[in-house]
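Visitor: Chain by chain, the residues run as shown.
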Amino acid sequence: MASAVDAAGEPIPTSAVLTAASKHIGVRCQPENVAFLKCKKKDPNPEKCLHKGQEVTRCVLGLLKDLHQRCTKGMDDYVGCMYYHTNEFDLCRKEQQAFEKACPLE
Amino acid sequence: MTEAVIRKKPGMASVKDMPVLQDGPPPGGFAPVRYARRIPNKGPSAVAIFLAAFGAFSYGMYQVGQGNKIRRAIKEEKYAARRAILPLLQAEEDERFVKEWKSYLEYEAEVMKDVPGWKVGESVYNSGRWMPPASGELRPDVW
Numbered sequence: 001m002a003s004a005v006d007a008a009g010e011p012i013p014t015s016a017v018l019t020a021a022s023k024h025i026g027v028r029c030q031p032e033n034v035a036f037l038k039c040k041k042k043d044p045n046p047e048k049c050l051h052k053g054q055e056v057t058r059c060v061l062g063l064l065k066d067l068h069q070r071c072t073k074g075m076d077d078y079v080g081c082m083y084y085h086t087n088e089f090d091l092c093r094k095e096q097q098a099f100e101k102a103c104p105l106e
Numbered sequence: 001m002t003e004a005v006i007r008k009k010p011g012m013a014s015v016k017d018m019p020v021l022q023d024g025p026p027p028g029g030f031a032p033v034r035y036a037r038r039i040p041n042k043g044p045s046a047v048a049i050f051l052a053a054f055g056a057f058s059y060g061m062y063q064v065g066q067g068n069k070i071r072r073a074i075k076e077e078k079y080a081a082r083r084a085i086l087p088l089l090q091a092e093e094d095e096r097f098v099k100e101w102k103s104y105l106e107y108e109a110e111v112m113k114d115v116p117g118w119k120v121g122e123s124v125y126n127s128g129r130w131m132p133p134a135s136g137e138l139r140p141d142v143w
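Heads up: the protein sequence lines correspond to chains R and A, in order.
At position 1 of the first sequence the residue is numbered 1 (full-length UniProt numbering), and the sequence of numbers has no breaks.
At position 86 of the second sequence the residue is numbered 86 (full-length UniProt numbering), and the sequence of numbers has no breaks.
For reference, chain R alone in the conformation it holds in the complex (with noise of 0.2 Å):
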């Protein structure tokens, strides 16, 4: 793994980018998440909730490429550690400190 970003600086979503992430996207794109669920219990038919999918990933990408703009060293860090330590999140609590202090939860 190169890098958490690819040629033109966005974040590549990897699991160790999303797990890193996962608490700012459980909080940030919690309605987007919310209506997709809703919308795949009602019907799991694919075609027919492909619209609140593309919301979802807008938001979440949108989010990733926020929180890196945002806090460059503390989330390349974070993102480091967890693929190092494969998404173990005791493993990774310094890196979770300084990236929450960086980029708080809000």
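Keep in mind the hints are simulated off the structure, nothing from the lab.
Take every hint as true, because none was put in to throw you off.
Listed below are the simulated DSS-like cross-link pairs for lysine-lysine, each with C-alpha atoms no more than 30 Å apart in a straight line: (1) A:Lys119 to R:Lys41; (2) A:Lys119 to R:Lys48; (3) A:Lys78 to R:Lys42; (4) R:Lys38 to A:Lys78; (5) R:Lys38 to R:Lys48; (6) A:Lys113 to R:Lys48; (7) R:Lys40 to A:Lys75; (8) R:Lys73 to A:Lys78; (9) A:Lys119 to R:Lys40; (10) A:Lys99 to R:Lys40; (11) R:Lys42 to A:Lys119; (12) A:Lys113 to A:Lys102; (13) A:Lys75 to R:Lys73; (14) R:Lys38 to A:Lys99; (15) A:Lys78 to R:Lys40; (16) R:Lys38 to R:Lys23; (17) R:Lys38 to R:Lys65; (18) R:Lys23 to R:Lys40; (19) R:Lys65 to R:Lys101; (20) A:Lys99 to R:Lys65; (21) R:Lys101 to A:Lys69; (22) A:Lys75 to R:Lys94; (23) R:Lys23 to R:Lys65; (24) R:Lys42 to A:Lys75; (25) A:Lys75 to R:Lys101; (26) R:Lys48 to R:Lys65; (27) A:Lys102 to R:Lys40; (28) R:Lys42 to A:Lys99.
Here's a subset of chain R near chain A, in silico, CB distances under 8 Å, partners left out: (29) Pro13; (30) Thr19; (31) Asp43; (32) Pro46; (33) Gly53; (34) Thr57; (35) Phe89.
Backbone N, C-alpha and C fix where the C-beta goes; we use that ideal spot for every residue, glycine too.
Please build the complex by placing chain A on the supplied structure of chain R, with the hints as guidance.
Guide: Just chain A now, with coordinates in the frame of chain R:
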């Protein structure tokens, strides 16, 4: 010959009259040796022992409960992370599936174009719900 030299008695007529040389107790005898049991009857009573054991057990179980609480919190954190990113992953998979399904439907229309009364993409189930395709090969590029 040497025994007679060591043990001789003045005025001895023959070797058979030698005095007896024996290993024996010192004069006055040995000191008395205690061989009786002397297990003392003091120490904690049965109730005290039981309470101590029960106390140790309760303390241990309390620590187990605390440890379980901590472990549950760790697991909850992991599950919350999974719940947060699940919709994104499902949405991405939905996009990929819809694209794949459309191309499959075109292929099906191409193959079955001469069969009268064939509805392309018709569900093989009667329940009315949408069911994922059960062809046994969900993602051939992965499997």
